[in-house]
Each structure stands twice: as structure tokens, then as C-alpha cells.
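This is what each chain is made of:
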Amino acid sequence: MTSGNRRIVIGGEGGQGVQAAADILAQAAFEEGKKALYIPNFGIEQRGGTSLAFVQIGTETVGSPKFEHAHLVVALSSRSLERLQGYMNEDSIILFDSSLLEPPQVSDEVVGRQTFNTIAPETFAERRLTGQRQKFPEMLPKVRAVFGLPASEMAQTKLHPRVANIIILGTVAGFTKMVTLESVEAALEKRLAHKIERDPALKDLNLKALEWGWQSAGRMLEGLVPAGEIP
Amino acid sequence: MNNGKPINEERQVFMYGNEVVVWAALAAGAEFLFGYPITPQNEIMHYWSHLAPRYDRGFLQTEDELSAGFATLGGIMAGACCFSATSGPGTVLFQEPLSMAEMMRIPLVLIVQQRGGPSTATVIYSQQEVFLTAFGGNGEGLRIVYSPGSHQEMYDLTIKAFANAWEYRFPALVLGDGYQAQMREPVTLYDPPRRGIILKPPSPLVGLEGVPGKEREPAHWRNAFSVEEELYDALKPIIDDFHWAAPTLTQKEEGFIEDAELIVVAHGIVGRSAEAAVRELRKEGMPVGFFRPITLRPFPDNDIKKVLHACPRLLVAESAQGQLAKLIRIAVGGELEHSIEMYTYFRPGLGITSEEIMREAKSVINRKREESLSAVLL
Numbered sequence: 001m002t003s004g005n006r007r008i009v010i011g012g013e014g015g016q017g018v019q020a021a022a023d024i025l026a027q028a029a030f031e032e033g034k035k036a037l038y039i040p041n042f043g044i045e046q047r048g049g050t051s052l053a054f055v056q057i058g059t060e061t062v063g064s065p066k067f068e069h070a071h072l073v074v075a076l077s078s079r080s081l082e083r084l085q086g087y088m089n090e091d092s093i094i095l096f097d098s099s100l101l102e103p104p105q106v107s108d109e110v111v112g113r114q115t116f117n118t119i120a121p122e123t124f125a126e127r128r129l130t131g132q133r134q135k136f137p138e139m140l141p142k143v144r145a146v147f148g149l150p151a152s153e154m155a156q157t158k159l160h161p162r163v164a165n166i167i168i169l170g171t172v173a174g175f176t177k178m179v180t181l182e183s184v185e186a187a188l189e190k191r192l193a194h195k196i197e198r199d200p201a202l203k204d205l206n207l208k209a210l211e212w213g214w215q216s217a218g219r220m221l222e223g224l225v226p227a228g229e230i231p
Numbered sequence: 001m002n003n004g005k006p007i008n009e010e011r012q013v014f015m016y017g018n019e020v021v022v023w024a025a026l027a028a029g030a031e032f033l034f035g036y037p038i039t040p041q042n043e044i045m046h047y048w049s050h051l052a053p054r055y056d057r058g059f060l061q062t063e064d065e066l067s068a069g070f071a072t073l074g075g076i077m078a079g080a081c082c083f084s085a086t087s088g089p090g091t092v093l094f095q096e097p098l099s100m101a102e103m104m105r106i107p108l109v110l111i112v113q114q115r116g117g118p119s120t121a122t123v124i125y126s127q128q129e130v131f132l133t134a135f136g137g138n139g140e141g142l143r144i145v146y147s148p149g150s151h152q153e154m155y156d157l158t159i160k161a162f163a164n165a166w167e168y169r170f171p172a173l174v175l176g177d178g179y180q181a182q183m184r185e186p187v188t189l190y191d192p193p194r195r196g197i198i199l200k201p202p203s204p205l206v207g208l209e210g211v212p213g214k215e216r217e218p219a220h221w222r223n224a225f226s227v228e229e230e231l232y233d234a235l236k237p238i239i240d241d242f243h244w245a246a247p248t249l250t251q252k253e254e255g256f257i258e259d260a261e262l263i264v265v266a267h268g269i270v271g272r273s274a275e276a277a278v279r280e281l282r283k284e285g286m287p288v289g290f291f292r293p294i295t296l297r298p299f300p301d302n303d304i305k306k307v308l309h310a311c312p313r314l315l316v317a318e319s320a321q322g323q324l325a326k327l328i329r330i331a332v333g334g335e336l337e338h339s340i341e342m343y344t345y346f347r348p349g350l351g352i353t354s355e356e357i358m359r360e361a362k363s364v365i366n367r368k369r370e371e372s373l374s375a376v377l378l
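Protein chains in written order, with the numbering used here: chain A, 1 to 231; chain B, 1 to 378.
Calculated directly from the structure, the hints in this document are not laboratory data. Treat the hints with care, since some could be wrong.
Label pairs and their in silico Cβ distance ranges [what the hints assert, rightly or not]:
#	chain 1	residue 1	chain 2	residue 2	range
1	A	49	B	204	45 to 55 Å
2	A	197	B	285	54 to 64 Å
3	B	216	A	197	50 to 60 Å
4	A	82	B	321	44 to 54 Å
5	A	20	B	237	54 to 64 Å
6	A	83	B	54	48 to 58 Å
7	A	201	B	50	27 to 37 Å
8	A	83	B	118	22 to 32 Å
9	A	83	B	310	54 to 64 Å
Away from chain B, derived, C-beta distances all over 10 Å, residues of chain A [what the hints assert, rightly or not]:
#	residue
10	26
11	27
12	35
13	211
Yeah, the Cβ is synthetic: ideal placement off N, Cα and C, and Gly gets one too.
Construct the entire structure; sequences and hints are all you get.
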């Protein structure tokens, strides 16, 4: 698909930074003069619970804030996957954190049939990886492609556990090709401005995470999407 | 530099809906917010209490919504431009202050971000507070109710609510919803006078200069009457005023009506889905139009009648069980009531995407075409 707005849904557990990632992406698109809309899916819970974020970016006026199917579905926990399944169709690209979830069971020409799951939601970002990944029992619908990225593992071992969502943000931005890396960097710095002021090291840490995610997207898309085309 | 005005030069920003409301209220000259927290409008109180000191405005969290409503009325009577915001069960409690505002002609501005109902239901979203905002309370629904469909309209209509509440002296409500409250999209903020919008400076209703009865009329604001004739005499001119103001207050948006075989009618955020659906269907060559009432009270009666004269087949889509549909029935009334063909898509408390509206509209059109085809064959 090459025309129309990109529709992205990111799902995870409360505390994984799903909303921040979606929000920064939408902000970057706005700063570039694109049409952009971000809406969180929120419930009564103050902590924990499944957290979904919906983003639409492009050049056309955005209609309804939510949508039926996403071009890109990002899963950071197995519980969120139960809800994310509804947003998948055969045009969807699925991205999941392969350090938290086992590869999903999907009917997919690229990866083939696989399985999924995650660790508990509490203090997600701080938690050390257990090395155990649960299986996701359900069959996912037929989708365009599935990509696993060990974002949490990368964050924990190479950067800092808290920047796993920024790696994901970089990958999502890289996948959609709707915004430049520079715009996302600017939006990220703007968002973290007061934190960076207190701890200047945070800037480098987050930018590294972002760039790593961005480059991963490029590598994953190689071969799937012809050069110059929007996935 | 800050000259005391919250907005000088126009600027485009990327904001949450609740944030937009606050900037609109600041720009409209609101001086005080009395409120009680309820999701999904909490951030109105958060942003306001954060920004208020910067622009010399005030904030008080009251013990409940009844108190917030009456404190707002009191503040307005004392001569300050006050407003409040609420949702769901809070909107229910607000009916008493709203009724008093109708009876005493107090320009109460209330922002409502609809959540699911009945009762506590969800904190998320619905369009179930249409009747409550338009006709709640004991009385005649002498209120102005705006239903915005975007952040830009949220800004424009909040300013308009202040302007018209003070101009016409009826309570004015902005009926948003949880989606609009919690989503972020671009909006252009402006200083209302620079766009020619006149906002009457507030003036006190009580504590006036001079000796009452001698140097000036007594300021006697009543909401209680001894005999029924007395009430009728007091109420009749208020109702007349409302009817007189109605044609200048009503607002709507419509498109692709001319050759339409079906009109999608929706309001607020669903109106936006409807418009997107219709634009998409037109690309596919489907003869579909849309009508979006922007004022739900007074309802754009004449406009929708005109549209339904041109095309009597309509599809009403709303995140409620027929509250907008009933308003349309009332508006259409008499001559058209039996000739219109109303299809409905009701999803109480649930969002409606443009894809859903496209499917519904297509199915109605195709069904009608099959029917007329089989009629020809017979």
C-alpha cells in the first residue's frame, strides 16, 4: 500500500512506555507538517492492565480517531496481543519484542507458523529478563509479515531497561517511513527536555536507542519492501 | 512577551482535547473554574490550575458537582466570567445548577466530556449525554449545546459558548467526549478579538451601585414563584427569547447532498467518521451525502428539513441508542415524519469508525437498488 495515512497500533502492559512512544511519533509527524492524530486506549486501572495506543499519520485529513485495521501492529506483551489481533489483516505488518514474546503462531508467508508470550506486567521496565518466554496459544490472523526484535534484551544488556520503548519507537518510525529520524529525535528531546536537564546522559542513551531501532527497521524491511515504497 | 493575554499571535500546536478547552477558556477571558474531578475531563482542571496563576485566573475544587455548578453561578452573579467542566454522573448533578441558570438567565458555560453510561459505566467514551445536556433538568431545555467534531472546533466552539452565553444569557454547553478529551491532534490557537469575535465583558447581577427601587431597578433574580400565573409570566418571555435566538445560534455542516441517495447523519466525533466515510464512498462513486448538526440545542431544524426534502433516506450513526435519532424525529416533525426512511447504526458507549459507516451506507444503498430492481422485474 503506498497511498493514504499510515495507521499504527502499539500494545503492551501499563508501564512499558507504549503511550510515550506513540505520542512522540505523532508529535514528530506534526512537527513535519503532516496530519497526525494520537489517541490512547485507557481504562479504569491506574497501573498495569493492557495499554493500547493508536496513531495515524500522513497527508490526508484524519477521520475517526480509532480504526479497524492497522498497517503496523506492535505487540510488547501477550495480553495486549489478544486485543491487538482484532486490528490485524492481510495488509498488516506485525512487530513484536522477541525478548519478551516467543514468535507468534501466525499464518505468514515470510516467517511461517510460530508461537508467542510474555512476562508479568509489574514494573516492567525495571524487571530483569527471566529467560522464560511463554507460548501464545491462539492462531493469529493472516498478515503480511511478522518481525521479532529483541528490544528489551538489547535495552537491558547494552543501554538501559527503560529505553526499550524508544528502541521500538525507532523501529516503528523506520517502518512507516512517514517521518525522518531527525524529526523523531527532536520530538524525543522535546519530550525529555526536563529529564535531560537533570541528567544529561539520558540524551545520548535515548538517541542511541532510537537510532538502533531505526536501523533495525531498515534491516528487517530489506527484501520485503521495494526501495522507495512505503510499507 | 506576556502582556497578560494567553494568546497573541496565532499558532498551530499539537494538543490534547482537554488542553484545547483550557486554552479556549483562557482566550475567551474566563476568570475562574470551579470543578470536581471526573474522568475523562480531569485534565481540564489540571491544565487550568497549572496555567491559571500565570494569567491571574482562579481555581477552586469544590466538594461535588452540585457545589461546582452553584459556585459557578455565584461567581457569575458576582460579576466574574466563570465556567466548569464535568462528565457522566457529574453532568447529572449539574442539572440543578443548569436549570437555575435557565430560570435566572445566568450565562453558565459547561464543558462536558462524555463517558459511558448509565451510571458509572466507563471512563472512556460515549455520545449518551445528548438528552442530558439538551433537555436535562426540570424545565424546557433552554440551553445552547455545541457538539464539536475536531480539536479546532473544540477551540472555536468553546470560545463561542462563552460569547453566546453572555450575549443571549442562556447556559451554553460544549459536548465533547472521552476520545476528544484524550486524543492529540493539531489545532490553531488565536486571540478571539483578532478574529473579530466579540466577547462581552462580564457584569455583576448583584451588589450594584445605587439605592434599589430609587436610583435603579432592584436586582431581583428569581427562581421561585408563589403562583402558577406568576411563573408562566416570567417563563414565557424566556422561552420566546430562546426561540428568537435559535435561528442565529444553530450551526451545521453538510456535504454531497445534491444527488445523494442516502444522507449519513452523525454528530461530534462520529460526524467526523461519517464525513470521512462519505468522502471515501464518493471516490467509489456511491451517491452518499452527510449532515452534521453542530448545535444539538437549538437543533438546526430547517437545515435538516431541507436536506431530507432533497433526499428522504438517512442513516443515523451514533455512540448511543438513538438519542440523535430522536432529536432528528422531533426536528423533522409533521409533514416529513412519514416520508423519511431512517436507517440506524447505534453503538451505545462504543466508538464508530469510518469503515463501519462505509459498510452500513453501502449495505443500505445496495439493498435499495436490489429492491428497486426486483420491483422493475415484477
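Inset, instruction - Evaluate the given range 44 to 54 Å for the C-beta pair formed by residue 82(A) and residue 321(B). - result: 28 Å, violated
Inset, instruction - Using the Cβ atoms, figure out if residue 20(A) sits within 54 to 64 Å of residue 237(B). - result: 55 Å, holds
Legend entry - Verdict for residue 83(A), residue 118(B) (Cβ pair) under range 22 to 32 Å: For residue 118(B) against residue 83(A), whose Cβ atoms are near 25 Å apart, the range 22 to 32 Å holds.
Legend entry - Distal placement of residue 211(A) relative to chain B, Cβ over 10 Å: 23 Å, holds
Legend entry - Supplied distance hint 54 to 64 Å, evaluated on CB atoms of residue 197(A) and residue 285(B): 56 Å, holds
Legend entry - Given as non-interface: residue 35(A), which should sit over 10 Å from chain B by C-beta: 8 Å, violated
Legend entry - Whether the CB-CB distance between residue 83(A) and residue 54(B) falls inside 48 to 58 Å: 40 Å, violated
Legend entry - residue 49(A) paired with residue 204(B), Cβ distance criterion 45 to 55 Å: 48 Å, holds
Legend entry - Non-interface claim for residue 27(A) versus chain B (Cβ beyond 10 Å): Given that some Cβ of chain B is not farther than 10 Å from that of residue 27(A), nearest at about 6 Å, it is violated.
Legend entry - Assessment of proposed distance window 27 to 37 Å (beta carbons of residue 201(A), residue 50(B)): 29 Å, holds
Inset, instruction - Could you check that no beta carbon of chain B comes within 10 Å of the beta carbon of residue 26(A)? - result: Not fine: 6 Å to the nearest Cβ puts residue 26(A) too close to chain B.
Inset, instruction - Could you see if the CB distance from residue 216(B) to residue 197(A) stays within 50 to 60 Å? - result: Between residue 216(B) and residue 197(A), where Cβ atoms are some 58 Å apart, the hint holds.
The structure fails to meet hints 4, 6, 9, 10, 11, 12 from the earlier list, while all remaining hints are met.
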